[in-house]
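This is what each chain is made of:
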Amino acid sequence: MSAVEILRAGVLTTCQDAGRPGWGHLAVPPSGAADLPSWRLANQLAGNPTGACALETTLNGCTVRTHRDVTVVVGGAPCPVTVDGRPEAWGQPVKLKAGSVLDAGPAEVGVRSYLAFSGGLHPKSSLGSHSTCLLSGLGPDPLRVGDTIPLGPSLAHPPLPTQWPAPWAGVSPELVLKLHLGPRLEWFRPDAAAELARGVWTVSEHSNRIGLRLEGPPLRRVDPAAELPSEGIASGSLQVPPDGQPILFGADHPTTGGYPVIGVVGPQAQAAAAQARPGTKIRFAPIPIPQWSRSA
Amino acid sequence: MSTGRTTAPRLRPLPAGPRGILIDCGTTAAARACYRSLQNRRMSGLLEAEALVPGATTVLVDGVDEPELLAAELPHWPMNEEPEASGECVEIPVCYDGPDLEAVAAMWGVPVDDVADVHSGIEYEAAFCGFSPGFAYLEGLPERLRVPRRENPRTAVPAGSVAVAGPYTGVYPRSSPGGWQLIATMTNPGRLWNEHREPAALLVPGTRVRFAAVRV
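Chains as they are written, first to last, in our numbering: chain Z, 1 to 296; chain A, 1001 to 1216.
Chain A on its own, in the form it takes in the complex (with noise of 0.2 Å):
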């Protein structure tokens, strides 16, 4: 059971489209916390939504009948914007051996081998989901850490590829084109999305996130 203060953030709701709204929550932690609420709303019959989507700062609930009524109630809802203390921390084994390790030591100040100990020293949170199904975004980075995306984004990152840009860190599931820094590589980057299991990401929003560096 989390202990945390209750707090009431202040939630702009804004339409999107005759069926949805977008929460504009502010910040990440009330955008969290406005997603579990709505989560734990939905389960328990409260809200009828066909979609829920979190974003950096805001949620999104798509397909519902009468997104006015929603859009009132908002302001009301006592919102925990303390993380869930409970659920596992899902450990991924990776090896720091990526294209941009050199350039992403120099921007953190930090000797290359250094890159490993930094990186998977920080506990994660996925804080939502995007671009690939299985690619989570995950928080932690402190503002010292965070780097730009490369100027020239590559047009095939093969699957596994650990990264880093803006605040955020995360793992492609598959072979994509993309922008951010490579420093790492996952060794068995099919665990991330699997179709035949429940749920089929292995990162869903909420999971606490940790690297462990191996040797090949």
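Looking at chain Z on its own, in the form it has when it is part of the complex (with noise of 0.2 Å):
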């Protein structure tokens, strides 16, 4: 069988791809990789099509064997890349052996590596997803030793060997997000805003896909006994439980909750905040409410 063997899994490693977002109103977490921009360049140096399924790793890499000769990219977080015990590119397109041992060791800075095999890797699917969801447990289980992934079929032209665009500045230890405020920045009190402007939060060891525990001032609510029904949650969203430590949510994150979201961050915000190691210091840059609706 055309596969990839997990010999070493690593903290967590999970199959991922773009996820199944759009499913919201079933209960169905996003999922997909949790640094969208690092897993579709290793895709691309791999010579894979949009979409296809990668190994993310967290924190210290994964040991795999491939079953046939397959071109590989390890991408996203920095980390040393063997084969068969010798030293490999990191971000580059690597061309194994049926049967060669590769591993990605432990990121040097970030967190999530990302392991694109030219074929794409072919898990289990959930609606329409290869993607593992730790809060749903849709999607294939993370993967433990022994576990094998089938293959796709062989790309019939292997990439050209390019390179990481930029040299990856990863993560520096004090990370700043763009945060819109909203959509219940009104449940806070009036000085939350300007203590979101001025506060610097520290990323808890309490932190995975479903979201990062943020420690730091608490924001404080006009009403703590004040309840808010369920809502919607938008992918980004800063929600902020009754202690006042905000959770900054993760592609894994519940579709709904109670508890009110101060701001939500962008895209690139999330990815940056997917590399964000325990103890990074966050800052935010507070983007005010738009016009639109302050007049509504």
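No lab work stands behind these hints, which were simulated from the structure alone.
All values derive from a computational prediction rather than experimental measurement.
Every residue, glycine too, gets a C-beta built ideally from N, C-alpha and C.
One should not assume that every hint holds.
[What the hints assert, rightly or not] Residues from chain A that keep clear of chain Z, each with C-beta distances beyond 10 Å, as calculated:
#: 1; residue: R1019
#: 2; residue: A1072
#: 3; residue: D1097
#: 4; residue: V1110
#: 5; residue: E1143
#: 6; residue: A1156
#: 7; residue: V1157
#: 8; residue: R1174
[Claimed, not checked] To spell it out: a stretch of chain Z is covered by chain A in this simulated footprint if at least three of its residues, at any positions, have a beta carbon under 8 Å from a beta carbon of chain A; those stretches are:
#: 9; segment: 15 to 24
#: 10; segment: 131 to 141
Hey, can you piece these two chains together into the complex? The hints should help.
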């Protein structure tokens, strides 16, 4: 069988493609690669069509054996790459012979590396996506040692050996994320927007694909006892539970929630946040509520 | 065809990121009407959006290119608040044997044996989904039958458990933690979620639902 076999699964290695956005009305989280731009680029360099399924690692990489000749690109969080113990290039197409052992080591910066194989991976799919969802359990389970994942047909024309377009700047020890204020800013005390602009939060160890838990100055509500009827959660939402410590939701976020969302970050910030390690400092650059909403 | 009144409820569009709008509809009925209207617009090509997610009194529109245009148009859309009379009613056979049956009977002020009649005598409507794929918040309980959540949520509620809390009743599609009061068990919970069926969820927003008591 043409497949990739897991020899070392690392902390958490999952199958990820573009996910299953658009099923939120059935309580299905979007999932998909947490750092979409890195996942997309790794696939592109491996010569894959848009949307191919790749492996997403967490902090300490993974080791795999391939059962046929295949081109692989290790991208996302930079890490040492070896094939049968010999150093190989990160961020570039590497040709593997059948039976070779590829190791993606611990991330030097960032959290999530992507292993894109030419032909793409074809694990179990669910609602049109091969993505593992940690919240709902949809898609393939997180990978364990001994798992094999089918490989798609080898591509007739291997990709040209190109390079990662720019040296990966990685994640600085402090991230500044643009935060579009709303929808529930009014649930917070008037100084909350100022607090967001000057506060510094630290990414907690209790962070995962569902969300980054942030520790810092509490964001206080006008009425801590008030209950918000459950409402849809947009991708990139910064939700504030009663203790005031915000959660920046990630790819596997719940589709509805009953705590107010004070602001929402865009796709680029979501990708950057997905590479933020525990201990990373986060600041926000609040963007005011748009005029159309203020006049409504 | 519904012959219901056409009203223009006050919809409040709130910003939900660079590509999203959360429409605060004020009431549950208005949220359902707004969701139906958005669905129709999307199906007929008048609205391009990645996701429409109804909530208790809101609808989230996510993945739109120009949210400000949608926000400007919204107040002018005609909305029909009457529930759709068409569409079949899904019947869910359940056994009224939940561990919180007595507690709920006491809060409702009825004998334990009457909980089945009361709960199965109401027609519900799936207001929105959340929590877990296939879980629908079913609305229809009158004010006097609203009970609080349990003080200590259970760490594992079996799949198929039928529960009540606040204005809702619902059925857990798979085993999960849960804080609602359990009154019954669905005989075949596998029906709630089937990825190989279209739609995968048995209870999509807008579905009418009745429970039928069965004896084991």
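Hints, one by one, checked against the model:
no.: 1; hint: R1019; in the structure: violated, 8 Å
no.: 2; hint: A1072; in the structure: violated, 6 Å
no.: 3; hint: D1097; in the structure: holds, 26 Å
no.: 4; hint: V1110; in the structure: holds, 27 Å
no.: 5; hint: E1143; in the structure: holds, 15 Å
no.: 6; hint: A1156; in the structure: holds, 14 Å
no.: 7; hint: V1157; in the structure: holds, 15 Å
no.: 8; hint: R1174; in the structure: violated, 7 Å
no.: 9; hint: 15 to 24; in the structure: holds (count 4)
no.: 10; hint: 131 to 141; in the structure: holds (count 3)
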